[in-house]
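Trainee: Top to bottom, those sequences are chains A and B.
Residue numbers for the first sequence follow our numbering, so the first one is 3 and each next one is one higher.
Residue numbers for the second sequence follow our numbering, so the first one is 37 and each next one is one higher.
To be clear, the hints were calculated from the coordinates, so they are not data collected in a lab.
Among these hints, one or two may not hold up.
[What the hints assert, rightly or not] For the chain B half of the interface with chain A, some residues (derived, Cβ under 8 Å), not all of them:
#1 A39
#2 T60
#3 V69
#4 T72
#5 L73
#6 A180
#7 L188
#8 L189
Think of the CB as a built atom: it goes at the ideal place given N, C-alpha and C, for glycine as much as any other residue.
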Amino acid sequence: MTLHQLFEWLEATPLGVMVRESAWGFPILVAFHIMGIMLSVGTLVWFDLRLLGVSMTGVRASLMYRRLMPWMFTGFAVMFITGFMLLAGFATNAYGNVYFRIKIIAMVLAAVNALFYHRLTERRIVHWDDSPGPPTAARMAGLVSISVWMTVIVAGRMMSYTMF
Amino acid sequence: MAAFFVWLEGTRMAIAVRDSLMLTGALSAVHLVGFTLTTGGALVANLNLLGLLFPDRPPLEVTRPASRGIALGLTISALTGVLLFAPRATVASVNGIFQMKMLLLVAAVLFHSLVHQRVARTATSSSMRRGTGAVGLVLWVGLALAGCAYILLE
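I would like the entire structure built from these sequences, with the hints used as guidance.
Mentor: Written as C-alpha cells, this is what we have:
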C-alpha cells in the first residue's frame with residue numbers, strides 16, 4: 003500500500019467522513035487544535051528560552067522542564083489527536099500540499115532534536131543545570147526547537163489557505 | 037467610525053491583502069505565531085499566580101519574563117491583525133465575535149498591566165494571587181477562544 007493509498011483509505015474511514023461531513027466537527031476540532039498550540043508550543047518556548055540562556059535563568063533547567071512538562075504534554079496530546087482527526091477528514095488534499103509536507107518534516111526534526119537533547123545533551127545536565135548560560139549543545143537544542151515549532155505553526159496555518 | 041473603516045478598506049494596503057490569498061495566509065500564519073507567544077506567556081504567568089506552575093518561585097521572577105513574551109506576541113499579532121482587518125474592516129467591525137475578541141483583548145491587556153503585574157510585585161495574600169490568576173486566565177483563554185471562533189465562524 004502506497005502512502006497515497008493509505009491517505010485515501012484514511013479519508014474513507016467513518017472518522018474521516020464524520021470530520022468532513024459534520025457541520026460542527028471541523029470548527030470544533032480546529033478550535034481544540036489551536037488551543038493545543040497555546041498549551042504545547044506556548045509553554046515549550048519557555049523551556050527553549052531557558053536553554054538559550056535568554057529567560058528565567060535563575061531557575062534550574064531540569065526544574066523548568068519538570069514543571070512545564072505536564073502542561074506541554076497535555077497540549078501536544080490535544081494537538082496530535084485533533085491533528086490526526088483533521089488529517090483523516092482531508093487526507094488526500096493534504097497529501098499533495100507543500101505546506102503539509104513542510105509541517106511533517108518540521109515535526110520530524112522537532113522529534114529528532116528532542117531525542118538528541120534528552121539522550122545526549124541532558125546526560126551532562128548536572129554540570130550546567132544551575133548555570134544561566136547553558137553549553138552550546140543545549141542552546142542549539144533550544145534554538146532548533148523554537149525554529150521548527152514556529153515552522154510547524156506557520157506551515158499549518160498556510161495549509162488552510164492552500165488546501166481547499 | 038464607519039467612514040474610517042470604509043476609507044481603510046480602500047487603502048492600497050487593504051487592497052493588496054484582499055487581492056492576494058498567499059499574503060493573507062502568510063499574515064494569518066504570523067498572527068498565529070504572535071498568538072502562541074502571547075497566550076503561552078499569559079498561561080505561564082497566570083498558572084504561576086494560581087500556584088499551579090513554579091509555585092516555589094517569587095511571582096515577579098515569572099511574571100516579568102512572561103510579560104515580555106506577551107508584549108512581543110501582542111506586537112506581532114497587532115501588526116498582522118491590522119493588516120488582516122483592513123480589507124474586511126466594514127464587515128468585521130460589526131461582527132459580534134470580532135467585537136467580543138477586541139473587548140477581551142483590551143480587558144486582558146488592561147488587567148495584566150494594571151492588576152496582574154501589581155499583584156506579582158507586591159507581597160499580597162495567596163487568595164489575592166489566586167483570584168488574580170483565575171481572572172487573568174479566563175480573560176486570556178476567552179480571547180484565544182474568541183480568536184478561534186472568529187476564524188471559523190466568520
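Trainee: The structure should be examined with respect to each hint, and the outcome stated for every one.
Mentor: Here is what the structure says about each hint:
Interface restraint check for A39/B: the shortest CB-CB distance to chain A comes to about 31 Å, outside 8 Å, so the restraint is violated. The interface hint given for T60/B is met, as the beta carbon of that residue sits about 7 Å from the closest beta carbon of chain A, less than 8 Å. Of the supplied interface hints, the one on V69/B holds, with its beta-carbon coming within about 6 Å of a beta-carbon of chain A, less than 8 Å. Here the hint on T72/B is kept, as its CB sits about 5 Å from the closest CB of chain A, short of 8 Å.
Annotation: interface hint on L73/B holds; nearest CB of chain A at approximately 7 Å, less than 8 Å. Because the beta carbon of A180/B sits about 6 Å from the nearest beta carbon in chain A, less than 8 Å, this interface hint is met. Look at L188/B: its Cβ gets to within about 4 Å of chain A, closer than 8 Å, so that hint holds up. Hint status for L189/B: holds, given a least beta-carbon distance of 7 Å to chain A, under 8 Å.
Of the numbered hints stated above, the single one contradicted by the structure is hint 1.
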